[in-house]
Amino acid sequence: MRAFWKLFVSNVKEFVRDKMALFWMLAFPVFIILLFGAVFGREEDTSFDIGLVVEDSGPAATGVAKAFEQVPVFNVHRGELSEELEALKKGDRRAVVVLPEGLSDAIASKEPLDIPVYYDPASQTASQIVLSIIRRVLEEVDRRISGAPRILRLSEQTILGRRMRYIDYLLPGVIAMALMQLGVFGTAHPIISLRERQVLRRLGVTPLPRSTFLAADVLLRLLIALIQVALLLAIGMLLFKVQVIGSWSLFAGFIALGAATFIALGFVVASVSPTEEAGVAISQLLNLPMMFLSGIFFPMEMIPEWMMPVVKAMPLTYLGDALRQVMVGASALHPLHLDAAVLGGWLIICIAISVRFFRWE
Amino acid sequence: MDKIVEVKNLVKRYGEITAVAGISFEVYEGEIFGMLGPNGAGKTTTVECIEGLRIPDEGRISVFGLPVGPQSEAIKPRIGVQLQTTALYRRLTVRETLELFASFYPRHRPVDELIEMVGLKGREKALVKELSGGQRQRLSFALALVNDAEILFLDEPTLGLDPQARRNAWDIITAMRKEGKTIFLTTHYMEEAERLCDRVAIIDYGHIIALDSPEALIKGHFKERAVVFEAEEVDEGALQALPGVTHVRCDGPEVTLYTTDAPATLAALVSFEEVLSDLHVRRATLEDVFLKLTGRRLRD
Chain A
1 MRAFWKLFVS
11 NVKEFVRDKM
21 ALFWMLAFPV
31 FIILLFGAVF
41 GREEDTSFDI
51 GLVVEDSGPA
61 ATGVAKAFEQ
71 VPVFNVHRGE
81 LSEELEALKK
91 GDRRAVVVLP
101 EGLSDAIASK
111 EPLDIPVYYD
121 PASQTASQIV
131 LSIIRRVLEE
141 VDRRISGAPR
151 ILRLSEQTIL
161 GRRMRYIDYL
171 LPGVIAMALM
181 QLGVFGTAHP
191 IISLRERQVL
201 RRLGVTPLPR
211 STFLAADVLL
221 RLLIALIQVA
231 LLLAIGMLLF
241 KVQVIGSWSL
251 FAGFIALGAA
261 TFIALGFVVA
271 SVSPTEEAGV
281 AISQLLNLPM
291 MFLSGIFFPM
301 EMIPEWMMPV
311 VKAMPLTYLG
321 DALRQVMVGA
331 SALHPLHLDA
341 AVLGGWLIIC
351 IAISVRFFRW
361 E
Chain B
1001 MDKIVEVKNL
1011 VKRYGEITAV
1021 AGISFEVYEG
1031 EIFGMLGPNG
1041 AGKTTTVECI
1051 EGLRIPDEGR
1061 ISVFGLPVGP
1071 QSEAIKPRIG
1081 VQLQTTALYR
1091 RLTVRETLEL
1101 FASFYPRHRP
1111 VDELIEMVGL
1121 KGREKALVKE
1131 LSGGQRQRLS
1141 FALALVNDAE
1151 ILFLDEPTLG
1161 LDPQARRNAW
1171 DIITAMRKEG
1181 KTIFLTTHYM
1191 EEAERLCDRV
1201 AIIDYGHIIA
1211 LDSPEALIKG
1221 HFKERAVVFE
1231 AEEVDEGALQ
1241 ALPGVTHVRC
1251 DGPEVTLYTT
1261 DAPATLAALV
1271 SFEEVLSDLH
1281 VRRATLEDVF
1291 LKLTGRRLRD
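Chains as they are written, first to last, in the numbering used here: chain A, 1 to 361; chain B, 1001 to 1300.
Fair warning: there could be bad hints in the mix.
[Unchecked claim] Calculated lysine-lysine pairs in the DSS-like style (CA-CA distance at most 30 Å, straight line): (1) B/1219 - A/6; (2) A/6 - B/1008; (3) B/1178 - B/1008; (4) B/1125 - A/19; (5) B/1219 - B/1129; (6) A/19 - B/1129; (7) B/1292 - A/13; (8) A/19 - B/1121; (9) A/6 - B/1292; (10) B/1178 - A/13; (11) B/1125 - A/13.
FYI, nobody ran anything at the bench for these hints, they're computed from the structure.
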């Protein structure tokens, strides 16, 4: 036990005195969060600019116009048709609604009338949202005029109570990424270096059991993981007001599982790398695709279909997905138990490979 | 005296190359046993097989009567090891390194004493990566002493040390023997082997070609003294004909005459017309023995 603690403390000193390792393990993920947080972290303005052209001067038209202006997400601009269409072309309006001449008369006589709505089909999603809101407004007006009672009413109950911002999406992913890099760089390289410089051989002629050496090393990595997670979480919550809405015990569970999996992956890298240079190459080979293809920085839908087998194989995909669900309630790519199962599978495979191929010299 | 180490027919091959070609010897309690040979002779391989770091292809090794391999875990706490490559944690200090290794053993020498012994006082707070090669070598030597072991395995303990540090290391090794330790060392410095060792095994191409005390080795091979000088051009035949000379060796400008009658040889040399520089007489050394046995020098 004395050897274990001495070794652990020595590992801590080695790590803390290694400025490069310190930067990559602790400063880099923080840097990513600060950078992306500063660029994308501000409250997004999600109101839609709507052009409203009122050609009818009757009282009913005023009422309909008011109905549009009362929609909270609509930012209504009144104007002439020509200038509003110009604004639409420039992208300053999402849609332009025209309340035509004779609207009040039509309402009074309960005669059908077309309400023209102009929109740009190129900006699809937003237009569709806008169009459906406009449709809702008109239906509501219609219902009031006809006086039909409302039978089924939509009772809206949000679970989030807030919108998902990019930083909310990003934070869990960066935490997952930090654990991944702790494994493929932070675990593999110190061990390869100790082996290459024959420190492991020197330890081999002492009575120190190998299991003690490995346990002390893994404990240090877990400690670094804990610090990484705490640091990123604190920055996310305090600086960017990311609210963690999920269960903390689930969160802790996935952090532990993820850290274990990637540390084990680091041992695989150390096992199969003949030299330090090869170790760096193999680590990068794992790091780069995982960083960019596992949905850490942008949603999975943006990744081309043919790459999906790679994406589906990578453990970071599942850790990122699980942490996003657990922390910020993001919609699931996979159910949590599947995420846990895939990570657990990777963990077992990595341990098996390490046990089989790990070399002390 | 008890056998501490017993090696029987040790063979170790690396692919096509046979590094150790079936050697046998014993190391007795309380002696300094040296293995002398040029680089690549098989010294390091032999000592690493005994330490349990390499697995022999053939042969048996036992330490303290315990077979190496199956009983290595029982052997390890009782041996002190200095490997040839002094690889350590780079960002630990001298003191931290010693304390770390001390923690691996059930009992150990006080760290301060070790620092004092190897002359690293004042450097104990220096990181390993800041140490000079010689200081690192001394730290590695201190690590071999850390567990106060019954036998020390020192692989080229003075490699890369300056003369002062080398003499200091010799003093420590001698002091260890006085404490009753057994020491197994490898070296390619014949002076080191001659000064320190009770017995020396001369090893070349994986074979032990001679094994005895340095005195006995030299006396067994040379009744003569060596007359050494440097000359531009020499006539080997003429030198061979000088009184007392049994053997002439030319090595570049350096000429060595082995002679049974040094005064007569010197007197005759005076009549030579060539300019002879750095003329001196010495007794034969292990280097001469190695030369005679192999036709090569220790350090080529």
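**Prompt:** Are the Cα atoms of residue 1219 of chain B and residue 6 of chain A separated by 30 Å or less?
**Reply:** violated, 52 Å
**Prompt:** Between residue 6 of chain A and residue 1292 of chain B, does the CA-CA distance stay at or below 30 Å?
**Reply:** violated, 52 Å
**Request:** Compare the distance between the alpha carbons of residue 19 of chain A and residue 1121 of chain B with 30 Å, and conclude whether the hinted pair is satisfied.
**Result:** Roughly 28 Å between the alpha carbons, so the hint for residue 19 of chain A and residue 1121 of chain B holds.
**Message:** Checking one constraint from the list: CA of residue 1178 of chain B to CA of residue 13 of chain A, max 30 Å. Satisfied?
**Reply:** violated, 38 Å
**Request:** With a cut-off of 30 Å on the C-alpha distance, tell me whether residue 1125 of chain B and residue 13 of chain A pass.
**Result:** holds, 13 Å
**Message:** Holds or violated: residue 1219 of chain B and residue 1129 of chain B, Cα atoms, limit 30 Å.
**Reply:** At roughly 46 Å apart (the allowed maximum being 30 Å), residue 1129 of chain B and residue 1219 of chain B break the hint.
**Request:** Sort out whether residue 13 of chain A lies within 30 Å of residue 1292 of chain B, counting only the CA atoms.
**Result:** violated, 53 Å
**Prompt:** Straight-line Cα separation of residue 6 of chain A and residue 1008 of chain B no greater than 30 Å?
**Reply:** violated, 39 Å
**Prompt:** Going straight from one Cα to the other, do residue 1125 of chain B and residue 19 of chain A come out at no more than 30 Å?
**Reply:** Holds: residue 1125 of chain B and residue 19 of chain A sit about 19 Å apart, inside 30 Å.
**Prompt:** Taking 30 Å as the top limit, are the C-alpha atoms of residue 1178 of chain B and residue 1008 of chain B close enough?
**Reply:** holds, 28 Å
**Item:** Holds or violated: residue 19 of chain A to residue 1129 of chain B, with C-alpha atoms at most 30 Å apart
**Value:** Satisfied, since the Cα-Cα distance of roughly 14 Å is no more than 30 Å.
Violated hints for the displayed structure, listed by number in ascending order: 1, 2, 5, 7, 9 and 10.
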